[in-house]
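With chain A held as given, fit chain B onto it using these hints.
Residue numbers (the working numbering), protein chains in the order written: chain A, 1 to 113; chain B, 1001 to 1112.
Treat the hints with care, since some could be wrong.
Unchecked claim - Derived DSBU-like pairs (lysine-lysine); straight-line CA-CA distance at most 30 angstroms: (1) B/1071 <-> B/1009; (2) A/42 <-> A/59; (3) B/1071 <-> B/1057; (4) B/1014 <-> B/1057; (5) A/42 <-> B/1057; (6) B/1009 <-> B/1057; (7) B/1014 <-> A/42; (8) A/59 <-> A/78; (9) A/42 <-> B/1071; (10) A/69 <-> A/58; (11) A/58 <-> A/42; (12) A/42 <-> B/1009.
The hints are simulated quantities; they were obtained by calculation from the structure and are not laboratory data.
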Amino acid sequence: ILNVEQSPQSLHVQEGDSTNFTCSFPSSNFYALHWYRWETAKSPEALFVMTLNGDEKKKGRISATLNTKEGYSYLYIKGSQPEDSATYLCAFLRSGSARQLTFGSGTQLTVLP
Amino acid sequence: NAGVTQTPKFQVLKTGQSMTLQCAQDMNHNSMYWYRQDPGMGLRLIYYSASEGTTDKGEVPNGYNVSRLNKREFSLRLESAAPSQTSVYFCASTLTGYHEQYFGPGTRLTVT
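This is chain A alone, in the form it adopts within the complex (with noise of 0.2 angstroms):
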């Protein structure tokens, strides 16, 4: 079984706020990894799929690097605001594995106006 870290496990922020989150892999044997994001409710949405090292993705407010050689991806919020209060997953997918993602167990996020 592979283990997928992710730290904090939960967060409140001011509105407004940076805020960072961590997710550590092993750094073998790697093919992408996954971020998602889910809503209270809802279903995880996908927010990006990282396959290289040193890869930085970017949408909107949210950013994500990812470091494949010490295992470890970050993901940025810039000014979080209210609706950016979801758990954001991470998942890895590890080469010769095919089809499988191991999910880490999230970091719910909080914005509090």
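Below, chain B without anything else, positioned relative to chain A:
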């Protein structure tokens, strides 16, 4: 496009009863997945189907069976439900195993 649909949305079963969860996608995706989500555990893969006609076990397959009926549909069957199968079940699909996954709305199952 409806995306990924799941039925039912809610279900209560008694221990030992059986039921089938249905999933369908209209995005012409090749790969489909069944996950369960439990508090503090994240999403755990039960079974997946890389392509029509194939199915494989995931991390937690015991107590479940699946059928990839055609390219669109992937069903999950509980033959004899147990309280440990109380969970929220999500179906997902993707074009290939290397692309982002699209999730259905989930089925909340309670086994008493």
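Next item on the list: Go through the numbered hints given earlier and state which of them the structure violates, listing their numbers in rising order.
Entry: none
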